[in-house]
Amino acid sequence: MRVPYSYLDRQFAEPDAILADIRELVRRGDYTLGAAVGEFEERYARMLGARHAIGVGSGTEALTLALQAVGVRPGDEVVTAPNTFIASVGAIVAAGARPVFVDVNAEHNIDAALIERAVTPRTRALMPVHLSGNPVDMAAIVEIAQRRRVPIVEDACQAFTAAIGGRAVGTFGEAAGFSLHPLKPLNVWGDAGMIVTDSDTLADHLRLRRNHGLRDRDTVEIFGVNSRLDTLQALVGLHLLDTTGAVTERRIGHARRLDAGLAPLAPHITVPPRRPGVRHAYLTYVVQAQDRDGLVRFLVERGVEAKVHYPVPVHLQPAAKDLGYKPGDFPVCERQAREIVTLPAHQHLTFDQLDYVVEQVTEFYSR
Amino acid sequence: MALHLQHRAVRAQLLAAVDRVFEHGQYVLGPEVEEFESRFASLCGVPFAVGMSDGTHALLLALRALGIGAGDEVITAPNSFLASAASIALAGARPVFADVRDDLNLDPEQVAAAVSPSTRAIMPVHLTGRPADMKRIGAIAERHGLHVVEDAAQAVGATLDGQAVGSFGAAGCFSLHPLKNLAACGDAGVVTTSDRKLADALRVERNHGLRGRDDCDAWGYNARLDTLQAALLNEKLPYLGRWTAAKRQIAARYRDALGDAVAVPEDGPGEHAVYQTFVIRADRRDDLQRHLAARGVDSKVHYPTPLHLQEAAAELGYKRGDFPVTERLATEILSLPIYPELTEAQQEAVVDGVLSFYGRRARR
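Keeping their order, the protein sequence lines are chains A and B.
If you read the first sequence in our numbering, its first letter stands for residue 1, the second for the next number, and so on.
If you read the second sequence in our numbering, its first letter stands for residue 1001, the second for the next number, and so on.
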């Protein structure tokens, strides 16, 4: 049996309705900041319960622009997690700031208890990452941010439709960045991102900045960048927006089935703690495994496309050399990097495929 | 309906979820309630959902939170379940009926004609799980400055032009009663909304009017979704898509097989119905029902007595003949068995039962 990791061919097996809208776009010609962008932004914001959503070129740029908008300048520090995708940290560096890492907890998310000691007078933002679609414990982080008067920019790139206590992830900080990359739960046909904020001032500023700082055709109010969500991608997004709830429900169901199937394999397999009351969006389904590399090889041989997100922590990447971190600085993160494995759990799998994954993992450890 | 079969498939998960609630012991407004709320909201494409004790309270509290009460009129369908009209009356307002179309949903022209200076809201019912004509009803509401409160009790997961029911009006009111597509193990309901203030008001209203632990600005209800029910619903929610797809498949089969003998519900343009019930319109309905019963096929009538002809509606002053389509439908409609676990053989028995009554044979 084959259990593939990607499903884009299945998701877009019948693209005719989207293509019809794109044909209409070609007739109309409003390729940049067309009507569909505004409509998509409005519905996106509404779905999250936020005041504003601002479409930008990618999730990475969403984070960079959001950090700069809340006041991050060259020489400032931004606190984040070292086990994230490289783009979170790249966004901080692109804003001219210095990433300061904090170790993670058993849920693979930034450990709120360790944040305080990483905050310095130069800290200009906290950037918690809702990794895998699992909401960070925002109550603790909001409390620190308020006490230390530091804004929060949520890296929600992997966490569209995730929520804590009925409140959507991305609405806890001053601003949040989302990715609409093809491998995300709300995925368009290329790179695209979204910034979400409740602040009218931030939203106005960001709308200017993503479009060269142009207030109108001929007036540049601030120097900006070119980072617009394409009208074409907004059309794709509009088709998919209302399906994301059901997609995430399927992923939750699949994750619970895998959780139940893998639980008896402790201590070979450690399923991370699942907090009641949060909606984990399961962009990736990640557990910890003994002899991880052996398991991944075995699964791939048996047709199960297992992956690792991510094998090398950011602080140990060559690019991070100048930051002065060394192995051993973030022991939990580093141990997890050796143990984590991502199993396929996406919405297009069948129960038979999921049960096959469990069977194969079980077989690996009973050899 | 065969809830026991549905539960057999997910029984281990359900019991584990109950166990977790027993562990933490927060039986009232525990964390599972909030989890359910955010997941249900997302399913409907809205930011907020507020869990309720049942679908009737969902409707009642939504009306009250919108400020609808004594002296106000709310327009709804006379062929619905009692709770639609009851919630309006319980809010202190007056139910005003408008006739329906053959698709069993409100006729927008009749709605427009029923608007008076006292009208404050329209309550379209997505009866049988089929979306009402929300575009035209929304336009009427906008023209007259009325609220739309969707009675989506039978329609969880239904969409119109890709938009989920429950996201069209000011509030969407759902029942999660054991006979519904998303079924709790007892009474349960939920209200969806895009309005943060309304969501906050509903949270207060369902919990004695309590703001925080000790402060009450206005008297409220006790109409909370139980933690236990939320925990069970959280386990079942991921399966809703599959279950609905299975029902739609059975509906398609019935439609194919029975379309020549009786009037069958069609999916209109842009409509994605979820078939809470599969309601045919049949000649000699009562005889057909007896014929089916004799062959071991259960069928039901939803509902034999229109609301305006109920004893409870006496003081509203309606009489027989006021809603001719509704009254005719009440004599024609019959709900055939439809649930995800219905086997091929059972579906065949239903089809054969109906066709044989009309002296027809199944096309093989």
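Any given hint could turn out to be false.
What the simulated footprint calls covered on chain B by chain A, stretch by stretch (three residues with Cβ under 8 Å from a Cβ of chain A suffice, anywhere in the stretch; the number is not a length) [as the list claims (entries may be wrong)]:
(1) 1180 to 1190
(2) 1231 to 1238
(3) 1261 to 1271
A few chain A residues facing chain B, derived, Cβ under 7 Å [claimed, not checked]:
(4) 47
(5) 117
(6) 249
None of these hints come from the bench; they were simulated from the model.
We treat Cβ as the ideally placed atom computed from N, Cα and C, and that holds for glycine.
Results for each hint:
1. Only when three residues or more bring their CB closer than 8 Å to a CB of chain A does the claim for the stretch 1180 to 1190 of chain B stand; here the count is 0, and the claim is violated.
2. Counting residues of the stretch 1231 to 1238 of chain B whose beta carbon lies closer than 8 Å to any beta carbon of chain A gives 3, which reaches the threshold of three, so the coverage claim holds.
3. Counting residues of the stretch 1261 to 1271 of chain B whose CB lies closer than 8 Å to any CB of chain A gives 0, so the stated coverage by that chain is violated, three being the minimum.
4. Checking residue 47 of chain A against chain B by beta carbon gives a least distance of about 6 Å; that is within 7 Å, so the hint holds.
5. Using the Cβ-Cβ criterion of 7 Å, the hint placing residue 117 of chain A at the interface with chain B is not satisfied: the shortest such distance is roughly 29 Å.
6. Checking residue 249 of chain A against chain B by beta carbon gives a least distance of about 5 Å; that is within 7 Å, so the hint holds.
Consistency note: the structure conflicts with the earlier hints numbered 1, 3, 5.
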